[in-house]
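Protein sequence lines, in the order shown, are assigned to chains B and L. The opening position of the first sequence corresponds to residue 1 in my numbering, with each subsequent residue numbered one higher. The opening position of the second sequence corresponds to residue 335 in my numbering, with each subsequent residue numbered one higher.
Derived from the structure by calculation, the hints contain no laboratory data. No experiment lies behind these values; they were computed from the predicted model shown. One or more hints might be untrue.
Not the full set, but computed from the structure, chain B residues with beta-carbon under 7 Å of chain L [as the list claims (entries may be wrong)]:
| hint | residue |
| --- | --- |
| 1 | Ser-103 |
| 2 | Asp-113 |
| 3 | Val-257 |
Glycine included, each C-beta is placed from N, C-alpha and C at the ideal position.
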Amino acid sequence: MYTQAMDIPDAATKPAGVSRTPDAQDAAFEARIDADGRIEPQDWMPEAYRKTLVRQISQHAHSEIVGMLPEGNWISRAPSLKRKAILIAKVQDEGGHGLYLYSAAETLGTSRDQMLDALHSGKAKYSSIFNYPTLSWADVGVIGWLVDGAAIMNQIPLCRCSYGPYARAMVRVCKEESFHQRQGYEALLVMMKGSDAQKAMVQDAVNRWWWKCLAMFGPPDADSPHSAQGLRWGIKRIGNDELRQKFVDATVPQAEVLGVTLPDPDLKWNEARQHYDYGQIDWAEFWATVEGDGPCNRERLATRVKAHRDGEWVRDAALAHARKQQQRKNKEAA
Amino acid sequence: MNTPALKEWPLWEVFVRSKQGLEHKHCGSLHAADAAQALHMARDVYTRRQEGVSIWVVPSAAITASNPDDKGELFDPAADKIYRHPTFYAIPDEVGHM
Numbered sequence: 001m002y003t004q005a006m007d008i009p010d011a012a013t014k015p016a017g018v019s020r021t022p023d024a025q026d027a028a029f030e031a032r033i034d035a036d037g038r039i040e041p042q043d044w045m046p047e048a049y050r051k052t053l054v055r056q057i058s059q060h061a062h063s064e065i066v067g068m069l070p071e072g073n074w075i076s077r078a079p080s081l082k083r084k085a086i087l088i089a090k091v092q093d094e095g096g097h098g099l100y101l102y103s104a105a106e107t108l109g110t111s112r113d114q115m116l117d118a119l120h121s122g123k124a125k126y127s128s129i130f131n132y133p134t135l136s137w138a139d140v141g142v143i144g145w146l147v148d149g150a151a152i153m154n155q156i157p158l159c160r161c162s163y164g165p166y167a168r169a170m171v172r173v174c175k176e177e178s179f180h181q182r183q184g185y186e187a188l189l190v191m192m193k194g195s196d197a198q199k200a201m202v203q204d205a206v207n208r209w210w211w212k213c214l215a216m217f218g219p220p221d222a223d224s225p226h227s228a229q230g231l232r233w234g235i236k237r238i239g240n241d242e243l244r245q246k247f248v249d250a251t252v253p254q255a256e257v258l259g260v261t262l263p264d265p266d267l268k269w270n271e272a273r274q275h276y277d278y279g280q281i282d283w284a285e286f287w288a289t290v291e292g293d294g295p296c297n298r299e300r301l302a303t304r305v306k307a308h309r310d311g312e313w314v315r316d317a318a319l320a321h322a323r324k325q326q327q328r329k330n331k332e333a334a
Numbered sequence: 335m336n337t338p339a340l341k342e343w344p345l346w347e348v349f350v351r352s353k354q355g356l357e358h359k360h361c362g363s364l365h366a367a368d369a370a371q372a373l374h375m376a377r378d379v380y381t382r383r384q385e386g387v388s389i390w391v392v393p394s395a396a397i398t399a400s401n402p403d404d405k406g407e408l409f410d411p412a413a414d415k416i417y418r419h420p421t422f423y424a425i426p427d428e429v430g431h432m
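Pulled out of the complex, with its shape left as it was, chain B reads as follows (with noise of 0.2 Å):
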């Protein structure tokens, strides 16, 4: 991921008259976007792109970092020494992916720090699905199978996503994910060949994250503010819904191998339309998590800050050792 720290040889000693002017910037930019072009770092781009970008992206970020602590939670409590293997190499994926989209949207001239600062504070949101707990063990196998596989559909367009940093980071992210749906659904295979109390721990689990998943793909695209604008630039693929539908259709037949029911009594085919029709979203609940009334917002964002200002004598004492070093190895140049 490029960076803006990265040296670019100072405007200043370019001939005048060299720079383009603002109409012309944002024509370029705009012919580059219907060419369906990429945008670099170090490319113009209008205000707006921007602001939006670092929003996406480190809401992004944030869903991934703070998505570690619904699983992290059952990492003491695996219930073989494999599945606990598993588990942290999922979380551990999980942390990875939001060092990669950190990054991606410092390219964007925002800081680490910055954007740190906004997730302990609350002015940032993150996917609100990870405000809901992990009440049983199937609420492991029931995450990688819903909640990542509705993280994929959302995550695939993103990889032809206009930005180009962003677009890099998911094609990295989406190789990685694939593990995550498919060791969740063998998870809950296992348990549905178990006893019955293991087969209604499943079903359970299903019942509470079914509906959550599907609000996972945001508001219908009529209610959404940045979706029209998002699909312009090129940084959306495909509205909320067709992703939701994708997601519904695919789904379906999997959760018939598995031998669980899906918690909606409106879900059947639809032969007219191809595609499988399903009940209304409770988008109140949706909303009121969202605004940080879920029932485990205030827990996780405590969990996260307790986390960074554990750290900080880490970070602190890391910063003073390279800074020793760097004054010996000066000392014995000199």
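Using the hints, position chain L against chain B.
Relative to the frame of chain B, chain L by itself:
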């Protein structure tokens, strides 16, 4: 930016050689206090699935990049020199592969 610059770890660009015989390729960036830590973290962030056999880390500030506004002056002159490409030259079929 009004972030206290000294508190934030500097930025490094990471290059990974995916296998012996191939070049190092840019794969991303990260923050680290010094080069040794940057290498260590690059291993964890960018090579969790054996994506590499060798890593380079370079302070981002040490890279000098061409200015995108100069793209035309820098690269367009090559556009009309098609005689630099082998396909510019017609060779009789009977000569075979050349």
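Okay, the hints, checked on the actual structure:
Annotation: interface hint on B/Ser-103 holds; nearest CB of chain L at approximately 5 Å, less than 7 Å. Taking 7 Å as the C-beta cut-off, the interface hint given for B/Asp-113 holds, the closest approach to chain L being about 4 Å. At its closest, the beta carbon of B/Val-257 sits 27 Å from a beta carbon of chain L; the interface hint therefore is violated under the 7 Å criterion.
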